[in-house]
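*Asks:* What follows is each chain in one-letter form.
2 protein chains.
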Amino acid sequence: MLSKNTVKFIKSLHQKKYRIESGKFFVEGGKSVTEVLHSDFLVETVFATEEFKTRNSDLLRAFKGEVFTATPNQLEGLGQYQSNESALAIVQMKENTSFDLSSGEFAIALDNVRDPGNLGTIIRIADWYGIRKLVFSPQTAEFYNPKVIQSSMGSFTRVRFFYEDLTMVFSKWNRPVYGAFLKGENLHQITQIEPGIILMGNESNGISAGLEKWITRRITIPGFGNAESLNVAIATAIICDNLKRLQTP
Amino acid sequence: MLSKNTVKFIKSLHQKKYRIESGKFFVEGGKSVTEVLHSDFLVETVFATEEFKTRNSDLLRAFKGEVFTATPNQLEGLGQYQSNESALAIVQMKENTSFDLSSGEFAIALDNVRDPGNLGTIIRIADWYGIRKLVFSPQTAEFYNPKVIQSSMGSFTRVRFFYEDLTMVFSKWNRPVYGAFLKGENLHQITQIEPGIILMGNESNGISAGLEKWITRRITIPGFGNAESLNVAIATAIICDNLKRLQTP
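Chains as they are written, first to last, in the numbering used here: chain F, 4 to 252; chain C, 4 to 252.
Isolated chain F (complex conformation) (with noise of 0.2 Å):
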């Protein structure tokens, strides 16, 4: 059974502001609720349908915290889903760590990317091209927000990130960082890359001014029709593409 105030605390999750005053957010979905519970994430609940818990029963019995048994409808009235027939997670939010990289590895950093849907979907394009962790500056949409959480599709389990003035990042910073402009290196014509940090700008505004300074190679898509320019998940999906083809050997 869920109790009113049960169901008032996981409600309030949905708003930034009670997230951070409890340092705990929610994942919702059967396969992202196993994703986090196989994870270094700490959950503290679960809610979920007897199916599931049937389904991930040594899962569940290998887990520390308290299930309590939902129903299809229950779960769609706490979480963002229109259909959640499984799970939902409370989970402890990580504690902020600093940013570092060794010299074999990519990182991805985020200047100001404020949508949710964009941020979910460039977690799981780093998931897929192995790039294990991503820097943002503090105007970057929350990791922890619902939306960043579900288009992630479980890949905010398996990545590191850090909220960081990138400024202070590039200052300390010698090794390449590649910036996407119009008018750089066409990216089907590099032929030699090291690893460093890519960095992607807001949805409107690009690279701000004041980090383009720190940019050693510039980059372009090249494109050869008319559009103007690319989502900002999907110019990072082709950088990562591209570097990763030219860095395996």
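For the record, the hints were derived by calculation from the structure and aren't laboratory data. Because the structure is a prediction, the values reported are computed rather than measured. Where hints are given, some of them may not hold.
Covered by chain C, per the in silico footprint, the following chain F stretches (three or more residues, Cβ under 8 Å) [claimed, not checked]:
1. 129–140
2. 155–166
3. 215–227
4. 234–241
Listed next, the in silico DSBU-like pairs over lysine-lysine satisfying Cα-Cα at most 30 Å (straight line) [claimed, not checked]:
5. K67(C) with K136(C)
6. K186(C) with K247(F)
7. K150(F) with K19(C)
8. K136(C) with K186(F)
9. K19(F) with K150(C)
10. K216(F) with K175(F)
11. K20(C) with K97(C)
12. K27(F) with K7(F)
13. K56(C) with K34(C)
14. K34(F) with K150(C)
15. K14(F) with K150(C)
16. K34(C) with K150(F)
17. K186(F) with K34(C)
18. K247(C) with K247(F)
19. K247(C) with K34(C)
20. K186(C) with K216(C)
21. K150(C) with K11(C)
22. K7(F) with K19(F)
23. K27(C) with K14(C)
24. K186(F) with K216(F)
25. K27(C) with K67(C)
26. K247(C) with K97(C)
27. K14(F) with K67(F)
28. K34(F) with K247(F)
29. K136(F) with K186(C)
30. K67(F) with K56(F)
31. K150(C) with K150(F)
32. K216(C) with K136(C)
33. K34(F) with K186(C)
34. K7(F) with K97(F)
35. K14(C) with K97(C)
36. K19(F) with K97(F)
37. K7(F) with K150(F)
38. K14(C) with K150(F)
39. K27(C) with K11(C)
40. K14(C) with K186(F)
Glycine included, C-beta positions come from ideal geometry on N, C-alpha and C.
Got chain F sorted already, so can you dock chain C onto it with the hints?
*Replies:* Just chain C now, with coordinates in the frame of chain F:
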């Protein structure tokens, strides 16, 4: 001034039923409205702020339809944008024509891509890569859905599209059909390609079983991490980027 009937009519165009009944759809936002005015779509009416009218006076002088003045507040009440500072247009749908493709061209075929945001993003990607034709299964999202128009960022004016039974299309087709699968040719290792149709599947179910047999080139986007899949628009972009790279001397 906007009459009550005009407001009611525009609001009805948020629903597919009334779009089909009237054969009309709406386009909102200054940039998209100027692009549709420059295109071969037949624009019937423009609702615009004084500021938009001044800024686009030449374009509006050449325009044969009616122009009404509206405030930003009125425009926001008409469309789906939370902020529309400039214009909204009522536009006639185009007549259906039959899909055809010349031998040097690529086309994108979508098998039941249901999310309007994905469809609009794919249209923008096609336009970026100079792919001018898209063929959609009947269950694919509706081209004229306001979210499709919005997320295409004006690219809807520069592509041709066809709703067709894809089995019928492929049964008459004798050039390559590219389809993404987990175990296909590694897209980064392909060296030779010929233009053809790029077939992308539904968000949850991928390419329908009935269409698989028409695929002549099974390709795989190489993954380097742990994400199980990529969003369909992201996958489309990566495939287009690689095929265009291979096609370009």
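*Asks:* Check each numbered hint against the structure and report the violated ones by number, ascending.
*Replies:* Checked against the structure, the only hint that fails is number 40, while the rest are satisfied.
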